[in-house]
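Going down the list, the protein sequences come from chains D and V. Counting in the working numbering, the final residue of the first sequence is number 260, and the numbers go up one at a time with none missing. Counting in the working numbering, the final residue of the second sequence is number 1099, and the numbers go up one at a time with none missing.
Among these hints, one or two may not hold up.
What the hints assert, rightly or not - 27 Å max Cα-Cα, derived DSSO-like pairs, lysine-lysine:
hint, chain 1, residue 1, chain 2, residue 2
1, D, Lys166, D, Lys116
2, D, Lys166, D, Lys89
3, D, Lys116, D, Lys89
4, V, Lys1068, D, Lys12
5, D, Lys199, V, Lys1076
6, D, Lys89, D, Lys199
No wet-lab data here; the hints were simulated from the structure.
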Amino acid sequence: MSSHSIALHAHKDYRGSKLGIWLFLITEITLFGGMFLLYSIYRSEYPQDFHHAAAELNTLVGTVNTLILLTSSLTMALSIAGTHHGNRKLALWMLAITILCGAAFMVNKYFEWGAKFQHHLYPGSEYLLAHPKGEILFYGLYFIMTGIHGIHVLVGMVLLTVMFIKVLNQPNAKVSFVAGHGLGEIEGCRMAFVDASDKVVWKGDEVDGSVERIDVKTKFWPVKKRFHVADFNQLENSGLYWHIVDIIWIFLFPLFYLIT
Amino acid sequence: MSDHEHEEHAHEPAGYGMYFLTWFSLLVLTAITVTAAGMTFGSMSVVVALLIALVKATIVLMLFMHLKYEDPLFHKLLWVVIFAMAVFIGMTFTDTLFR
Chain D
1 MSSHSIALHA HKDYRGSKLG IWLFLITEIT LFGGMFLLYS IYRSEYPQDF HHAAAELNTL
61 VGTVNTLILL TSSLTMALSI AGTHHGNRKL ALWMLAITIL CGAAFMVNKY FEWGAKFQHH
121 LYPGSEYLLA HPKGEILFYG LYFIMTGIHG IHVLVGMVLL TVMFIKVLNQ PNAKVSFVAG
181 HGLGEIEGCR MAFVDASDKV VWKGDEVDGS VERIDVKTKF WPVKKRFHVA DFNQLENSGL
241 YWHIVDIIWI FLFPLFYLIT
Chain V
1001 MSDHEHEEHA HEPAGYGMYF LTWFSLLVLT AITVTAAGMT FGSMSVVVAL LIALVKATIV
1061 LMLFMHLKYE DPLFHKLLWV VIFAMAVFIG MTFTDTLFR
């Protein structure tokens, strides 16, 4: 009889994984850093044009969007804290609210950009090209930087949705018996769980020829006094990504909306 | 080796209060930055806005992103990129400002 041992903690490199995500976040900073470089140079060359063009942006919508993202950062952090406390419900609810905040942000963006397009303000439009040079640059930077940031928000929403499903279905270990991998050995047998004294606590049906696959899933939810951070590594890393997206907006907001 | 890791990370988790406090501070700083935008500081207004943004970003990094409790290596990595950005922007200005 072969024994399959369930690896409670299959080799996980928690520290390496954390290092990886931080290195990626640093590349994100570099990506937006390049665009902030452009912004700073052109703003120093056309301060009046930038000031004038920024008046077209709706400060209220920008502020609301800032508050939305800050709140989403809170709910993201609470979701991860929930897993640390063994509070599955909280983790899932907070994750859902974070995703909804992202959606609300994108809806606002849609209306913002829509309003600009209605006024014929989009990259390459004849109306925009008739504006002073500095204003054309302002709008170019505005659409590119908030656009790429918006893509990051969308990617984050997809990522967090995937995380939601993972946390929802979280088994900590799964052992499978399929043809060629142990199934043939247990045909004609019945699977049973036994306690420490070999007393049967659960017994399954006979494994006959009709069975194609058996998955044995175990779920471990940490109680408060014992948690292992490595169990929710991916969720933490996704949270870090989401926070960086928030930080980028923290800089975008004053530079585009508050220079009036 | 995995036992050693267990010891490293098995500790009583912090409460939720810290996160709410952080969030509230960020809201207050947002209110300050919006109000400050209404006031005229002349050429200093960029500096004021950026300073407040820096404080907000630091709060998010340290507390929400747990950088305060992480390996010091990550601090150093962040300083590297901040320094790199300062060089990129600063050095470019040494060119464009004197054209």
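Against the structure, the hints:
no. : hint                 : result
1   : D:Lys166 x D:Lys116  : violated (39 Å)
2   : D:Lys166 x D:Lys89   : holds (14 Å)
3   : D:Lys116 x D:Lys89   : violated (41 Å)
4   : V:Lys1068 x D:Lys12  : holds (23 Å)
5   : D:Lys199 x V:Lys1076 : violated (56 Å)
6   : D:Lys89 x D:Lys199   : violated (34 Å)
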